[in-house]
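Assemble the whole structure, with the sequences as input and the hints as a guide.
Residues 28 to 242, numbered by the numbering used here, are exactly what the sequence shown covers, in order.
Quick caveat, the hints were computed from the structure, so don't treat them as lab data.
Just so you know, not all the hints are guaranteed correct.
Distance condition first, Cα-Cα at most 30 Å in a straight line; then the derived DSS-like pairs of lysine-lysine [stated by the list, open to error]:
id	residue 1	residue 2
1	K192	K59
2	K166	K71
3	K71	K180
4	K105	K50
5	K71	K99
Treat the numbers as computed from the prediction; the structure is a model and nothing was measured.
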Amino acid sequence: MARTPKPSGNIRNRKSNLRQQNKLVLVVCEDKKSGCDYLRLIAKHLRLHTTCIVESSATGSAPISVVEDAIKRIASRKKEKHEPFELVFCVWDIDEHTSLNNARQLADGQGFKVIESNPCFEFWLLLHFAYRTAPIVRKANKSPADECVKLLKRYITDYDKSKIKDYFAELLQKIETAKINAAKLRIELLSTGSINPATDLDLLIQSMENNFLDK
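So this is what it looks like as structure tokens:
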């Protein structure tokens, strides 16, 4: 009998009868708009929206607050005797935050996985359209994140953080390009010692896809 080919690693629709095989995952984001909305759409597309819980930090947008929020959510879930999360991701922008080291240490001590973008989430979106290694820095009164959004608007001219859903179909078509660019950049940064620009969002999405694949 011919063997059934295994599915590819690309994002695709999931059979509902495989949902029970998924790990229960918590993703806590620093923002309430672009990054959080995007990851919720990814989870929904993968039919993981019941097992991959994407939340915006309720305790503030600083990295340390994101970790503290995740800790509170886990404690609340335990108190209510719900099934525990098997994986926890804390997602934030580096931008000009000052609590990064403390947040990383606290997350590491809790066994959480940290997903960072430098300067911001929009750099991940930029990688869908272009490969970039030049640092993205503050210019006058514009923060590094502001400058990154400016670069993104070369490709999504009407970009608005609150309207990610409007761009999601186009972004989904280019997600493999973004993953390749992010991985390529990570290798280059190791050789140069630079940390700007960079993103780990490809690793989070790959983890979500792996959770989606048949076991």
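Now the hints, each set against the structure:
1. As the CA atoms of K192 and K59 are separated by approximately 14 Å, the hinted pair is consistent with the 30 Å bound.
2. Restraint check: the Cα-Cα separation between K166 and K71 comes to about 37 Å, which exceeds 30 Å; the hinted pair is violated.
3. About 26 Å separates the Cα atoms of K71 and K180, which keeps this hinted pair within 30 Å; it holds.
4. Distance check on the hinted pair: K105 and K50 sit about 17 Å apart at the alpha-carbon level, within 30 Å; holds.
5. At roughly 24 Å between alpha-carbon atoms, K71 and K99 fall within 30 Å of each other, so this suggested pair holds.
Violated hints amount to a single one, hint 2; each of the other numbered hints is respected by the structure.
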